[in-house]
Amino acid sequence: MPEPVILHPAVVHFAIALFLVSLLFDVIGDLIGNNKFHSAAWLNLIFAGIAAVAAVLSGLWAKSRAFIPPEARDTLNVHQLMAFFIAGVILILLFWRINAKGLLPAKGKAFYYLISLVGLGLLIIGAYHGGKLVYHYGVGVRSTVEQPKIPEKPQKNRQRPGDEFVPGKN
Numbered sequence: 397m398p399e400p401v402i403l404h405p406a407v408v409h410f411a412i413a414l415f416l417v418s419l420l421f422d423v424i425g426d427l428i429g430n431n432k433f434h435s436a437a438w439l440n441l442i443f444a445g446i447a448a449v450a451a452v453l454s455g456l457w458a459k460s461r462a463f464i465p466p467e468a469r470d471t472l473n474v475h476q477l478m479a480f481f482i483a484g485v486i487l488i489l490l491f492w493r494i495n496a497k498g499l500l501p502a503k504g505k506a507f508y509y510l511i512s513l514v515g516l517g518l519l520i521i522g523a524y525h526g527g528k529l530v531y532h533y534g535v536g537v538r539s540t541v542e543q544p545k546i547p548e549k550p551q552k553n554r555q556r557p558g559d560e561f562v563p564g565k566n
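Numbering (our numbering), first residue to last: 397 to 566.
Just so you know, not all the hints are guaranteed correct.
[Stated by the list, open to error] Derived CB-CB ranges, DEER-like:
1) L487 <-> S460: 16 to 26 Å
2) L427 <-> H532: 35 to 45 Å
3) H409 <-> N431: 21 to 31 Å
4) Y531 <-> F491: 30 to 40 Å
5) A506 <-> E467: 39 to 49 Å
6) E399 <-> L427: 34 to 44 Å
7) A506 <-> W457: 32 to 42 Å
8) A406 <-> I521: 17 to 27 Å
9) A506 <-> L439: 21 to 31 Å
10) N430 <-> G484: 23 to 33 Å
11) H532 <-> Y509: 25 to 35 Å
[Claimed, not checked] DSBU-like, lysine-lysine: derived pairs with alpha carbons at most 35 Å apart:
12) K432 <-> K503
13) K459 <-> K528
14) K505 <-> K432
15) K432 <-> K497
Just so you know, the hints here were simulated from the structure itself, not pulled from any lab data. Glycine included, each C-beta is placed from N, C-alpha and C at the ideal position.
Whenever a hint applies, use it, and build me the whole structure from the sequences.
Structural data, given as structure tokens:
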């Protein structure tokens, strides 16, 4: 079984992609008047709901197993809160569609899209904070290569980056 810090990014990206594709297919279906796009959106939303739950669960598991630097805790809390809200939005949309037998609701369609856009905004905030956890704080990142040590002072008669090579002098 993969480590939770490896599993979470893989699962969460499925949830993100499936939700975005679902929204995109619904918009295209409305613009060109083709219900096949709405059917594709519905299938993507089903899998987005499953993936969103899996992403939250894998994120909680990763949180319990990863080292979180104290200075990263606020960022983690925002990321986690956004994840719960995004999963909630996806599940609300999913159950709305289940109630409408998979169809994009004719009544309240504008509100459905508004909720989707709110979910998209939350997704952007959550993704930003998730990226900050990894790329700024290094959460879940483990170096597999020993980093070379850089000397504090350049040694005499040693070529430094940017120096030209002169035969006999270097």
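**Study point:** Supplied distance hint 39 to 49 Å, evaluated on CB atoms of A506 and E467
**Key:** About 42 Å separates the Cβ atoms of A506 and E467, which means 39 to 49 Å holds.
**Study point:** Pairwise beta carbon distance, H532 to Y509, judged against the given window 25 to 35 Å
**Key:** holds (33 Å)
Practice item. With respect to the beta-carbon atoms only, verify the hint that A506 and W457 lie 32 to 42 Å apart. Key: holds (38 Å)
**Study point:** Supplied distance hint 30 to 40 Å, evaluated on CB atoms of Y531 and F491
**Key:** Once the Cβ atoms are compared, 35 Å apart, the range 30 to 40 Å for F491 and Y531 holds.
Review point. Between K505 and K432, does the CA-CA distance stay at or below 35 Å?
Key: Status holds; Cα separation ~17 Å.
Exercise for review: Decide if the proposed pair is consistent with the structure: K432 and K503, CA atoms, cutoff 35 Å inclusive.
Suggested key: This hinted pair holds, its Cα atoms lying about 19 Å apart.
Review point. How does the Cβ-Cβ distance of L427 and H532 compare with 35 to 45 Å: does it lie in that range?
Key: For H532 against L427, whose Cβ atoms are near 39 Å apart, the range 35 to 45 Å holds.
**Study point:** Distance restraint between K459 and K528, which requires alpha-carbon spacing of 35 Å or less
**Key:** holds (15 Å)
Review point. Is the distance from the Cβ of N430 to the Cβ of G484 consistent with 23 to 33 Å?
Key: holds (30 Å)
Point to revise | Pairwise beta carbon distance, A406 to I521, judged against the given window 17 to 27 Å | key: holds (21 Å)
Review point. Are L487 and S460 spaced within 16 to 26 Å by their CB atoms?
Key: holds (23 Å)
Exercise for review: Confirm or reject the claim that A506 and L439 have a C-beta distance inside 21 to 31 Å.
Suggested key: Holds, at about 23 Å.
Comparing the model with each numbered hint stated earlier shows that all of them hold.
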